Each structure stands twice: as structure tokens, then as C-alpha cells.
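Undergrad: Each chain is listed here by its residues.
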Amino acid sequence: ETGVTQSPTHLIKTRGQQVTLRCSSQSGHNTVSWYQQALGQGPQFIFQYYREEENGRGNFPPRFSGLQFPNYSSELNVNALELDDSALYLCASSFGAGRGRHEQFFGPGTRLTVL
Amino acid sequence: SQQGEEDPQALSIQEGENATMNCSYKTSINNLQWYRQNSGRGLVHLILIRSNEREKHSGRLRVTLDTSKKSSSLLITASRAADTASYFCATDALDNDMRFGAGTRLTVKP
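So the sequence lines, in the order shown, correspond to chains A and B.
Everything in the first sequence is counted per the numbering used here, starting at 1 for the first residue and increasing by one.
Everything in the second sequence is counted per the numbering used here, starting at 116 for the first residue and increasing by one.
It should be emphasised that the hints constitute simulated quantities derived from the structure, not laboratory data.
Honestly, I wouldn't trust all of these hints.
To be verified - Derived CB-CB ranges, DEER-like: (1) Thr14(A) x Glu170(B): 49 to 55 Å; (2) Arg51(A) x Ser173(B): 26 to 32 Å; (3) His172(B) x Pro62(A): 42 to 48 Å; (4) Ser143(B) x Thr5(A): 33 to 39 Å.
Unchecked claim - The following residues of chain A were derived to be distant from chain B, with all beta-carbon distances above 10 Å: (5) Lys13; (6) Gly40; (7) Pro61; (8) Leu88.
Note that the structure is predicted; figures quoted are calculated from it, not measured.
All C-beta atoms, glycine included, are put in the ideal place defined by N, C-alpha and C.
Could you put the whole structure together from the sequences, leaning on the hints where they help?
TA: The following block contains the structure:
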């Protein structure tokens with residue numbers, strides 16, 4: 001297991017609600033990336049935070065937002081939830097910026113279901 | 116959008132056999148990584164191969180990269196039931212965006 005933790009493990013929300021997912025990065029890592037993984041698909045890059053600043057964003061609308069804190073933990077916020085937001089949300093920590101240039105350590109994920 | 120495409124989508128083999136999975140991608144890359152995922156849980160990094168490398172080994176894993184064909188393969192030798200998982204390739208494209216394929220679901224029967 002990696003040292004990356006995510007909470008909660010599972011979450012059920014209704015359409016239109018807002019959700020906050022949390023991630024604690026591995027000790028010594030300063031970068032957190034968030035991914036959305038729909039059932040049967042590969043992870044899709046949402047955004048990355050490096051030293052508390054957003055460092056790149058995938059093709060996701062502004063209602064997906066994030067934060068990184070001084071201890072390098074991170075939050076993913078999703079507003080106005082839609083049914084298609086149902087997915088496994090993964091965070092990955094690494095040391096250094098750049099999505100693929102460094103080995104990423106993934107957390108176990110948060111399974112979000114939107115009804 | 117997804118960059119890599121794994122082939123086959125699903126693979127079923129007997130324990131002890133070798134498993135080969137392929138990945139094709141579309142744009143030039145800095146490196147390519149392979150990850151493993153058990154039952155919808157977090158991904159585990161297996162191996163990273165840089166664009167100037169052609170082959171890399173790690174234990175029972177062998178990865179090749181052919182940048183002229185924009186393809187990579189992952190070979191797992193002497194497979195075990197515990198290797199049952201989904202395997203993903205991820206490319207670090209020159210536009211600095213990391214993209215995963217849809218994965219190959221490997222089943223190793225004891």
C-alpha cells in the first residue's frame with residue numbers, strides 16, 4: 001500500500017448537491033493530481049496541484065475545483081453534481097511537477113454515486 | 116480524451132503462462148508508464164520507460180517501447196493468480212498532459 005489516503009471511501013449524493021473529497025499525500029511529496037475513473041474506463045486527469053498552486057487542468061468544467069494545503073494534502077470539490085459525475089475519484093501524489101515525469105502513488109479512491 | 120489504447124481489452128490465461136498486453140498511442144511522448152489496478156481500487160505503478168529507451172525489465176515484467184510505431188508492450192512471465200487485475204498504460208505527452216488508456220483486464224486461472 002502507498003502512504004496516500006483518501007476520504008470518504010464511498011459517498012452517495014443527489015443531483016445538484018455539492019461534494020468535497022479529501023486526499024493526504026505521501027510523506028515528502030509536494031504534488032497531488034486528481035483523476036476521475038468511470039466504470040470500465042481508464043482514469044481521466046482532472047487537475048494537479050504543485051506547492052499549493054494549480055499546475056495544469058484536464059477537460060473538466062469549472063464546477064470541478066480544488067485546493068492544496070501547506071501540508072500538501074488536497075481537496076476536490078464538485079458543485080452542481082450531475083449523474084455522469086458518478087465515478088471512482090483517485091488522487092495521486094508525487095514529488096515534483098509534471099504529470100507523467102515522476103512515479104505517482106495512488107490512493108485507494110473515493111467511489112461517488114450521484115442519484 | 117484518452118491517448119492510449121490497450122489491446123486486448125480482456126485476456127484470460129492459465130497460471131504459469133505468459134501474458135502480453137499492448138498499448139498504442141497517438142502523440143509524441145516523454146515517457147510511458149504501466150500501472151496495475153485491482154478491483155476498482157487505487158493504481159499501483161509498475162514501470163516507467165522513457166522515450167529514448169527501448170526495453171526495460173523489473174522482476175517478471177518486461178516492457179518494450181517502439182516510438183516509431185507509437186506502441187508499447189507489457190509482458191508478464193510465469194503468471195500467477197495474484198496477477199489478476201486491470202493493467203493500464205499512461206503516456207506523458209509533450210503537451211505535459213498524462214493520459215491513460217482504457218486498460219486490459221487480465222484473468223489468471225489457477
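Undergrad: All hints, please: hold or fail.
TA: Evaluation of the provided hints:
1. Thr14(A) x Glu170(B): 49 to 55 Å: At 51 Å between Cβs, range holds.
2. Arg51(A) x Ser173(B): 26 to 32 Å: At 30 Å between Cβs, range holds.
3. His172(B) x Pro62(A): 42 to 48 Å: 44 Å, holds
4. Ser143(B) x Thr5(A): 33 to 39 Å: 35 Å, holds
5. Lys13: 19 Å, holds
6. Gly40: It is violated; Gly40(A) is separated from chain B by about 7 Å at its closest Cβ, not greater than 10 Å.
7. Pro61: 15 Å, holds
8. Leu88: 6 Å, violated
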